[in-house]
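With the hints as extra help, turn the sequences into a complete structure.
Sequence lines, in order, name chains R and U. Position one of the first sequence corresponds to residue 1 (the working numbering), numbered consecutively onward. Position one of the second sequence corresponds to residue 1001 (the working numbering), numbered consecutively onward.
Please note that the accuracy of each hint is not assured.
[Unchecked claim] Now the in silico label distances, taken between C-beta atoms and shown as ranges: (1) Arg150(R) - Arg1106(U): 51 to 59 Å; (2) Pro1083(U) - Lys258(R): 17 to 25 Å; (3) Pro1083(U) - Asp228(R): 24 to 32 Å; (4) Ala40(R) - Gln1127(U): 40 to 48 Å.
In case anyone wonders, no lab produced these hints; they're calculated from the structure. Cβ coordinates follow ideal geometry from the N, Cα and C atoms, glycine included.
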Amino acid sequence: MAFIPHTPADVEAMLATIGVKSIEDLFDEIPATLRVKSLAGVPDELNEMEIGRLMSERARADGRPLCFIGAGAYEHHIPAAVWAITTRGEFYSAYTPYQAEASQGTLQLIYEYQTMIASLTGMQVSNASVYDGASAVAEASLMAVRANRRSKSQRILVPTTVHPHYRKVAVATAGNQGLRFEELPYSAGEGVIATTSLAKYEGEDITALVIQQPNFFGRLEDVDALTDWAHARGILVIAAVNPTSLALLKPPGSWGTKGADIAVGDGQPLGVPLSSGGPYFGFMTTRMEYVRQMPGRIVGRTVDLNGRAGFTLTLQAREQHIRRAKATSNICTNQGLLMTAATIYMSLMGPQGLERTAAASHARTRELVNGLTRLKGVRTAFQGPAFHESVVLLDRPVAPVLKALASRGILGGFDLSEHYPELGSALLVCATETKTSADIESYVGALGEVMQSVRAA
Amino acid sequence: MSKVPADLKYTKTHEWLRTLPDGNIEIGITDHAQHALGDLVFVEVPETGRALKAGEPCAVVESVKAASDVYAPVSGEVVAGNPKLANEPETVNTDSYGEGWLMRVRPAAGGPAAQLLSPAEYEKLQQEEGD
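Encoded structure:
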């Protein structure tokens, strides 16, 4: 079957009808200087046999390293049933169907997903998902500007304890729409938002405050106090949370006296494998009061003419097929397949399973940090409670250490020097439930040896 | 034929204006507009104190299948948004010229800038649009 349904004769007939010579002529209004003649860096086509071989070689080159990197994407055990069910033909489409109500099964699945995410975050309403955690923070910032009608400034406070990629994506997405992202520093000894830095915003018009919990360093922010501080000043609170952690930590809906206003995060830990950075998915929730300002699809439950339960897309007047340029977003979509996997993952794990995963990840990370800091030249950067990540400081440069570890099949952590040069030789490490005590001992042993061979700075 | 009260002024974008005894102007959408939209499920009115420029979008009326902007027919300052509409948006359907008003505005000096229509002119506009 041809993938392009039009024959050359069809194309010619259509062009003749509208009085245009060639398809190229349709793009005349784009100046020649902006047009790309051919795609650079894209190799010629390969046949199935060739591409199969190439991909196997690439996979072999990746190897099966022992991974202690977190930094926003986490290796968790994914029960085999998750992707066995997700890849069934009935689910295996990455998109919300356009004739949505014809697909009651898909809609029910999204509805169940929304229910689970709302329950996990303690928020009143969830959308059907967005691209990833970073774009969710960007969309939440734009949403806060619409929702906070008391504020005119479009100023968003973003602590430097928020994932650096989230901050960068927020600026890239919303920076040209008039939003100003202002960084809040962290306290050097604790690795959490420096509350003393808040004083200078007294009496200022601020639209929203982003709080990541656990923060990028794995540390726990004082979310109750920060939320109440913001609300007392008419500032909306955007929570960026790790879904696994919510099995143990207070959900954003219960932060402070009133709870966060918008809660988002990356859904990858819920059944999505690490895969060269994606695709992942973002989740997005809010309180009912702000639902009309939330972007993305929302599925609702209804009854048909005969009183039977059914599912339907709802509150669509927010969306671009109705609101066009004034839609709540023109660049978001439901990450259908990943959201499907997450729903099945959460169903299989249940609240207890997720809690055990969270608790085991926390325990493994403590074990890892205790092991690493036994070594000479390794110490922790911050004091205080953490979830399943921690920053350790080395007495020599991080990059060559990580390189030497990689050659031994160990991914030793995330080098913080690019984003946090002030920390010196700092390494962000993570251990989830997938790491055994033997794995951790093997990393500690390897680091001890590698530290001997890498010269101190 | 939808109702077009004789004591009001109108706009091409289907708003109506009533001058109140205190000189403020009450603004809503016409019977024709509410009928075209269908059952309203949500109405967003502007904040009190907001400064409006004639012609700018200042409110949103949303029905099950469409959402439309309401445009400010005059420049001025919003002195009230109709608080009833937050929970009873259908009031705009049932009483578009009365209880279903959207906002009250203290007009800026210089008077209404937008081209306002008389009832007769607005009826003519409706006919042209195929009421």
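Verification of the hints:
The hint said 51 to 59 Å for the Cβ distance between Arg150(R) and Arg1106(U), and at roughly 20 Å that hint is violated. For Pro1083(U) and Lys258(R), the hinted distance range of 17 to 25 Å is satisfied, since their beta carbons lie about 22 Å from each other. Distance hint for Pro1083(U) and Asp228(R): a CB-CB separation of about 27 Å, consistent with the stated range 24 to 32 Å. At roughly 59 Å, the beta-carbon separation of Ala40(R) and Gln1127(U) lies outside the given 40 to 48 Å, and the hint is violated.
Of the numbered hints given earlier, the model fails hints 1, 4; all others are met.
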